[in-house]
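In order, the protein sequences belong to chains X and F.
Here this note's numbering runs 23 ahead of the position in the first sequence, where the first position is 1.
Here this note's numbering runs 23 ahead of the position in the second sequence, where the first position is 1.
Since the hints were made in silico from the structure, they are not lab data.
A portion of the hints provided could be inaccurate.
Pulled a few chain F residues facing chain X out of the computed Cβ check, cut under 10 Å [stated by the list, open to error]:
{"#": "1", "residue": "58"}
{"#": "2", "residue": "70"}
{"#": "3", "residue": "122"}
{"#": "4", "residue": "144"}
Even for Gly, the Cβ is constructed at its ideal location relative to N, Cα and C.
Residue-level listing of the chains:
Protein chains: 2
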Amino acid sequence: MSQTNLRIDRIQKGTVIDHIDAGYALTILNLTGLDEAPNLITIGVNVSSNKYNKKDIIKIENVFLDKVQMQMISILSPNATISLIENFMVIEKKRVNLPEKIIKLIECKNNTCITNSKKEPIFTEFSVLEEKPLKIQCVYCDRIYKLDEIIFTKKEIKEKKIKQTIQL
Amino acid sequence: MSQTNLRIDRIQKGTVIDHIDAGYALTILNLTGLDEAPNLITIGVNVSSNKYNKKDIIKIENVFLDKVQMQMISILSPNATISLIENFMVIEKKRVNLPEKIIKLIECKNNTCITNSKKEPIFTEFSVLEEKPLKIQCVYCDRIYKLDEIIFTKKEIKEKKIKQTIQL
């Protein structure tokens, strides 16, 4: 029995997220809520980027990313590129931009931090100390976080559809 | 600027999970722990299956599924097929098999069920009443669950690597 190629053709219209850090595509899809889109999505995980490196890549039809989603991607994969596709052509290609400050998107895990005070609800704010590997610092309590310590605030996460609430 | 095809070639050795219910590929990857494999994985979500239907498909190199993983897939996508690939050829192709009873894999959410009793820890056991849409029944307390109410037991889930512990 011969195996057929899984040929992923060029998309007519949509977004290509390329040069994602290897292994992060599924986390990106989950955090951005793109995993619940009814659109055609094609994903490569741990594909060869060049002789020495691996990367992930996502193509999603008829979807364009908003600012919050692009910021999430920049946090998880600072080297990612976003290509906008129209009529099968790349009309715009840009690098994701890790801002100097990350506001609202991430929680501060320090219970004593003023951002966790119930009396005075304020948005979190983090300075980006280093991009790769990521290191950020809460501007209020000075606590420093590495990438694997980051918790994204729940309010930013879209409500999951029922079929994805299979808990772990 | 022209767009390059994302050509997903045939894999030399590994597993193809085809005819996954549309939108379930990422949940399957997450539950089975395959999302943490360092292997090449290619995924199509909401690809056209025929004129009327959509499906998901997963190809993973150098990985073969164990019984628990296949059972998880049969629960989420009873019509899925598993193809084993060697030397670029399909050496075996089979349908997933939803067993008549599901043991251990799923929790019973009924707090009064004996399977949740701290004194007498026993494995959960569910009868499969209907395959599609899935309907199962706890053999102890008779509670019935549909697919979107299912909780997989944590013990069956592989420990997440640090980079995937970004909490939501």
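Here is how each hint holds up against the structure:
no. : hint : verdict
1   : 58   : holds (5 Å)
2   : 70   : holds (6 Å)
3   : 122  : violated (18 Å)
4   : 144  : violated (20 Å)
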